[in-house]
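Could you put together the complete structure from these sequences and hints?
Each chain is listed here by its residues.
There are 2 protein chains.
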Amino acid sequence: MYELKWSHAEKIVARRAFDKALGEELEALIREAKSRAARIEEPLDLWDLENWLTERRREIDRRYDYRYSVLPLVFAHLLRDGRLTEDDLNGLEQEKRDLIRRASAL
Amino acid sequence: MYELKWSHAEKIVARRAFDKALGEELEALIREAKSRAARIEEPLDLWDLENWLTERRREIDRRYDYRYSVLPLVFAHLLRDGRLTEDDLNGLEQEKRDLIRRASAL
Chain A
1 MYELKWSHAE KIVARRAFDK ALGEELEALI REAKSRAARI EEPLDLWDLE NWLTERRREI
61 DRRYDYRYSV LPLVFAHLLR DGRLTEDDLN GLEQEKRDLI RRASAL
Chain B
1 MYELKWSHAE KIVARRAFDK ALGEELEALI REAKSRAARI EEPLDLWDLE NWLTERRREI
61 DRRYDYRYSV LPLVFAHLLR DGRLTEDDLN GLEQEKRDLI RRASAL
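Protein chains in written order, with the working numbering: chain A, 1 to 106; chain B, 1 to 106.
Wrong hints could be hidden among the right ones.
Said to hold, decoys possible - Taking lysine to aspartate or glutamate pairs in the EDC-like style, the calculated list, with each CA pair at most 16 Å apart, reads: (1) A:K34 / B:E95; (2) B:K34 / A:E42; (3) A:K96 / A:E42; (4) B:K34 / A:D45; (5) A:K20 / A:D98; (6) A:K20 / B:E24; (7) B:K34 / A:E10; (8) A:K34 / B:E41; (9) A:K20 / A:E93.
Hint data in this document are derived by calculation from the structure and do not stem from the laboratory.
So this is what it looks like as structure tokens:
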């Protein structure tokens, strides 16, 4: 996987798919954070919110890694989790799409 | 200060004053957290909220220290910041109240 070449056109497709998934994930996160904050009743809920935000931030930092060497795996995870569809990856060469699809089923 | 003796009655007064200040501080914190969350518009605001919560938690851990050896200084800070009034400290012996009042003016 680390030897794959990415054409300029593929890089544009990849960046768009990546940004779409990340943007939607962050929007969903904002909605959930507002909802969790609105439900806070006692101090422990406050520190639960803090912990939850810290975990979400670390998870996003870990999962959204745009290095081309790991991008097929990143896309495979996003496909598996429903953050991306195969249509979002149209424009990547067949070899990469097959790789991503196979990895998403693991 | 470290040599002060606390009678049983004084310990009750101290605990009540301490819990009152902490309780009010935490209630205010919950209100502000809800308000900050409601104003979130973009991802950076989310991580600002996380940082703010972490700082508040550490500040509260640091300031609300119930060891009798430091309690007069804790009360002095709470008095200075308007979290407690001198009335809340009624029932402590005069020596402690004078010490707390003097320290609160530093």
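Comparing the hints with the structure gives:
Among the hinted pairs, A:K34 with B:E95 is inconsistent with the structure: their alpha-carbon atoms are about 48 Å apart, more than 16 Å. Annotation: proposed proximity of B:K34 to A:E42 holds, straight-line Cα distance about 12 Å (limit 16 Å). For the suggested pair A:K96 and A:E42, the alpha carbons sit about 49 Å apart, so the restraint of at most 16 Å is broken. The suggested pairing of B:K34 with A:D45 holds, with an alpha-carbon distance near 11 Å, which does not exceed 16 Å.
For a cut-off of 16 Å, the pair hint linking A:K20 to A:D98 is broken: about 21 Å separates their Cα positions. Among the hinted pairs, A:K20 with B:E24 is inconsistent with the structure: their alpha-carbon atoms are about 43 Å apart, more than 16 Å. As the CA atoms of B:K34 and A:E10 are separated by approximately 43 Å, the hinted pair breaks the 16 Å bound. This hinted pair checks out: A:K34 and B:E41 have alpha carbons roughly 10 Å apart, not beyond 16 Å.
Simply put, A:K20 and A:E93 have alpha-carbon atoms about 19 Å apart, too far for the 16 Å limit, and the pair is violated.
When held up to the earlier numbered hints, the structure conflicts with 1, 3, 5, 6, 7 and 9 and fits the remainder.
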